[in-house]
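Asker: Sequence order for the protein chains is A and B.
The first sequence begins at 1 in our numbering and counts up by one.
The second sequence begins at 1001 in our numbering and counts up by one.
Calculated directly from the structure, the hints in this document are not laboratory data.
Note that the Cβ used here is the ideal one computed from N, Cα and C, for glycine as well.
Check each hint, because a few of them may be wrong.
[To be verified] Here are some of the chain A residues that sit facing chain B, going by a computed Cβ distance under 10 angstroms:
#	residue
1	Arg81
2	Lys244
3	Leu336
[To be verified] Lysine-lysine pairs mimicking DSSO-like chemistry, simulated, CA-CA at most 27 angstroms apart:
#	chain 1	residue 1	chain 2	residue 2
4	B	Lys1047	B	Lys1230
5	A	Lys374	A	Lys229
6	B	Lys1148	B	Lys1030
7	A	Lys409	A	Lys229
8	A	Lys355	A	Lys409
9	B	Lys1115	B	Lys1145
10	B	Lys1230	B	Lys1145
11	B	Lys1251	A	Lys32
12	B	Lys1115	A	Lys374
13	B	Lys1148	B	Lys1230
14	B	Lys1115	B	Lys1047
15	B	Lys1251	B	Lys1148
16	B	Lys1030	B	Lys1145
17	B	Lys1115	B	Lys1089
18	B	Lys1148	A	Lys374
19	A	Lys29	B	Lys1251
20	A	Lys229	B	Lys1251
21	B	Lys1145	A	Lys374
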Amino acid sequence: MSSTSPDPEFTGVVRWIDRRLPIFTMMHKEYKAFPVPKNLNYFWSFGALASITLIVMIATGIILAMQYQPNTALAFDSVERIMRDVNYGWLIRYIHMNGASMFFIVVYIHIFRGLYYGSYKEPRELLWILGVIILVLMMGAAFMGYVLPWGQMSLWGATVITNLFSAFPLVGEDLVTLLWGGFSVDNPTLNRFFALHYLLPFVILGVVVLHVAALHIPGSNNPTGIEPKGPQDTVNFHPFMTSKDMIGIGFYLLLFAALVFFAPNFLGHPDNYIPANPQVTPPHIVPEWYFLPYYAILRSFTDDWWVFLVVFSWWGVDAKLAGVLAMFGSLVVLALVPWLDTSRVKSARYRPIYKWAVALFVINFLILGWVGGKEAEEPYVTIAQLSTIYYFLHFLVFMPVIGWIERPKPLPSSISQSVLSPAE
Amino acid sequence: MLTSVKTLSTALGLALAATLAWAGPASAAKAPPPPSQNWSFEGVFGKFDRAAKQRGFQVYTEVCASCHGLRLMSYRNLSALGYTDDEIKAYAAQFEVQDGPDEFGEMFFRPAEPKDRFVEPFANAREAAAANGGAVPPDLTLMTKARKNGADYLYALLTGYRDEAPEGFELSDTQYYNDFYPGHAIAMAPPLWPDGVEYADGTPATVEQQARDLTTFLSWTAEPEMEERKSMGHAVILFILFFIVVAYFNKRRLWAQLH
Ligand code: HEM
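The task is simple: from the sequences and hints, build the whole structure.
Answerer: Given below as structure tokens:
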């Protein structure tokens, strides 16, 4: 069987509405008859998982917002009130708290999937860039969300991160004052972060809609990286892909529930159960785990690091600004991947060298995350610096060069053929 | 003017402290990780040992409550320890809370009621510091969640005092040497003594026993929802496993049509 899309026949009220506003036709086309390559593996479920997480976050967030008080004197206790006195408040709060972690787990895997199978390549460049924009917005939303419970890490994490903006020349100091709404992270900061934390997820939702719209023009990539040649290569999204996604959703829920019910604070930091106190600096300020790789890149830039001296110091950039630029740069290079990869072949399955490069990139990213959580001392500083170099080398050197020198394996002539006689 | 100078100096202080914390390695001396203990409330099926919770509550009331509050607890929450409404009323009534204004506009004191939050030992942090040689005893409600390896740490801290600091370690008159406190110099005198309390159920009140009971009690104040959370978790996990099985067979059935 293959994908088919006979025009749906609606009757009654549905037909009446559909003639005037063809939402049912649209849903049919985009979510039922929509053809997807029939060889998709479970890595293709992570987009659906990310969408579900976004909805879960918005739903639990709105409920939390009904009880939460964005005031420095009340915020911490209002969260504890949710935990103790609101019916199932602990459930909602733990879902929201661990949902942020699930969101990043799912999205990171989603991104690595794209890197491995070349999903960023023509004609999916805009789709990819929209994805990177979602990642950046998620980081903003999660960062500001973490400030809301107003524990020690909320306050001090916010202080460290907002202070980074002071590194920018000329506007830096004013920018920080604007972020703070005053001269330190205080009540006005908490207020604006709450407003923005409420807003950003809906902006993300909007970009997700664009992301999906951009996906539905060329359709999904697949493990072979060869575009479908006809209906024999595809199946209908529903019920075939959806039935597969259900299994993915099951395992996702299993992990999510294990965290929420049995280890709700496993991924958090104990200091955030101490109310914020501007007079006491925690001995070791660390961001949430999902920021650690970027935090490691940021902290790599010390005054005496040769990369800093060679690349930045001579044009008047200090180490702090260099770290900030590198941190943002790490996301910019990710967005530029469609043009940094020079290979004609999409899927790493047929790319004997690039395949290993992606694996090493993932390992390196994990190392960055690990050192990002360590104190700034040896040997961690050196490891972080080497990993930072490797991060940028991967994108700026390995990606283009491997594309030029590598001899790809022969591609199957179509998806159907690859299913019958797999390459490996 | 004064306030803006104050804000500005706080801001500078914050920025400076943040930069230091960010740039330099944390200098605080490290304490060894607390040894891992067996707790009744550990693990996926763990529950609070109710008798231990009650004994821990007794030690808290008789020993710790003079310095440490449980600001997020209400007296009514004690029903989870197995106390009756009358017992809770009687317990609460020992404490006084400010209420009012009455019909003449006067504030007045009345005995605490089950609905009230635990009355704090000190009116404010200044008073607490003044009474404790400058150190403020932290609130204990969330203590086991607010430290790494919370329960093990609390037990290790309470049993980790040494009579004398090691040779060469300087302590001020208000400090005591503790193996597990970060930096070792803690401003809390060893709070527990053998037979410092007399348990109603006859359990011998060794320091270790008291520390274990307190840790159980304070783990409950930190996570009063834990038992409900875990048992809901069991049902949810079972449901999800069932869901996965159904999803698996559904997918197999559908995809079989394709080949
Ligand atoms: C992109 C989706 C979202 C992400 C990644 C996110 C992330 C976070 C994070 C990391 C926290 C701190 C958790 C903690 O330690 O307590 C938080 C708290 C909070 N969020 Fe969100 N959130 C999202 C959506 C929303 C939405 C849509 C709302 C409201 C409409 C919301 C309302 C809140 C509230 C009130 C808190 C404070 C309560 C608490 O700390 O548990 N969130 N969020």
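Asker: State for each hint whether it applies.
Answerer: How the hints compare with the structure:
Given hint, A/Arg81 at the interface with chain B, holds; its Cβ is 8 angstroms from that chain's nearest Cβ, closer than 10 angstroms. With a least beta-carbon distance of about 6 angstroms to chain B, the hint placing A/Lys244 at the interface is held under the 10 angstroms criterion. A hinted interface residue such as A/Leu336 counts as satisfied when its beta carbon comes closer than 10 angstroms to some beta carbon of chain B; here the least separation is about 29 angstroms, so the hint is violated. For the given pair, B/Lys1047 sits about 9 angstroms from B/Lys1230 by alpha-carbon distance, which is consistent with the 27 angstroms threshold.
Proposed proximity of A/Lys374 and A/Lys229 is contradicted: the alpha carbons are some 50 angstroms apart, above 27 angstroms. About 13 angstroms separates the Cα atoms of B/Lys1148 and B/Lys1030, which keeps this hinted pair within 27 angstroms; it holds. A threshold of 27 angstroms between alpha carbons decides the hint, and for A/Lys409 with A/Lys229 the separation of about 20 angstroms falls inside it, so the pair holds. Between the alpha carbons of A/Lys355 and A/Lys409 the distance comes to roughly 12 angstroms, so the proposed pair stays at or under 27 angstroms and holds.
For the hint linking B/Lys1115 to B/Lys1145, the alpha-carbon distance of about 24 angstroms falls within 27 angstroms, and the restraint holds. Of the supplied pair hints, the one linking B/Lys1230 and B/Lys1145 holds, its CA atoms being roughly 17 angstroms apart against a limit of 27 angstroms. Distance restraint check for B/Lys1251 and A/Lys32: the Cα-Cα separation of roughly 16 angstroms lies within the 27 angstroms cut-off, and the hinted pair is therefore satisfied. For the given pair, B/Lys1115 sits about 44 angstroms from A/Lys374 by alpha-carbon distance, which is inconsistent with the 27 angstroms threshold.
Taking the CA atoms of B/Lys1148 and B/Lys1230, the gap is near 21 angstroms; set against the 27 angstroms cutoff, the hint holds. In summary, the hint linking B/Lys1115 to B/Lys1047 is supported, as the alpha carbons are separated by about 26 angstroms, within the 27 angstroms threshold. Distance hint between B/Lys1251 and B/Lys1148 is unfulfilled; the C-alpha atoms sit about 44 angstroms from each other, more than 27 angstroms. Taken as a hint, the B/Lys1030 and B/Lys1145 pair is honoured in the structure, with Cα atoms around 19 angstroms apart against an allowance of 27 angstroms.
Under the criterion of a C-alpha separation no larger than 27 angstroms, the hint pairing B/Lys1115 with B/Lys1089 is consistent with the structure, at around 9 angstroms. The suggested pairing of B/Lys1148 with A/Lys374 holds, with an alpha-carbon distance near 15 angstroms, which does not exceed 27 angstroms. Proximity of A/Lys29 to B/Lys1251 is assessed by CA-CA distance (about 21 angstroms); at most 27 angstroms being required, the pair is judged to hold. Taking the CA atoms of A/Lys229 and B/Lys1251, the gap is near 25 angstroms; set against the 27 angstroms cutoff, the hint holds.
As the CA atoms of B/Lys1145 and A/Lys374 are separated by approximately 21 angstroms, the hinted pair is consistent with the 27 angstroms bound.
When held up to the earlier numbered hints, the structure conflicts with 3, 5, 12 and 15 and fits the remainder.
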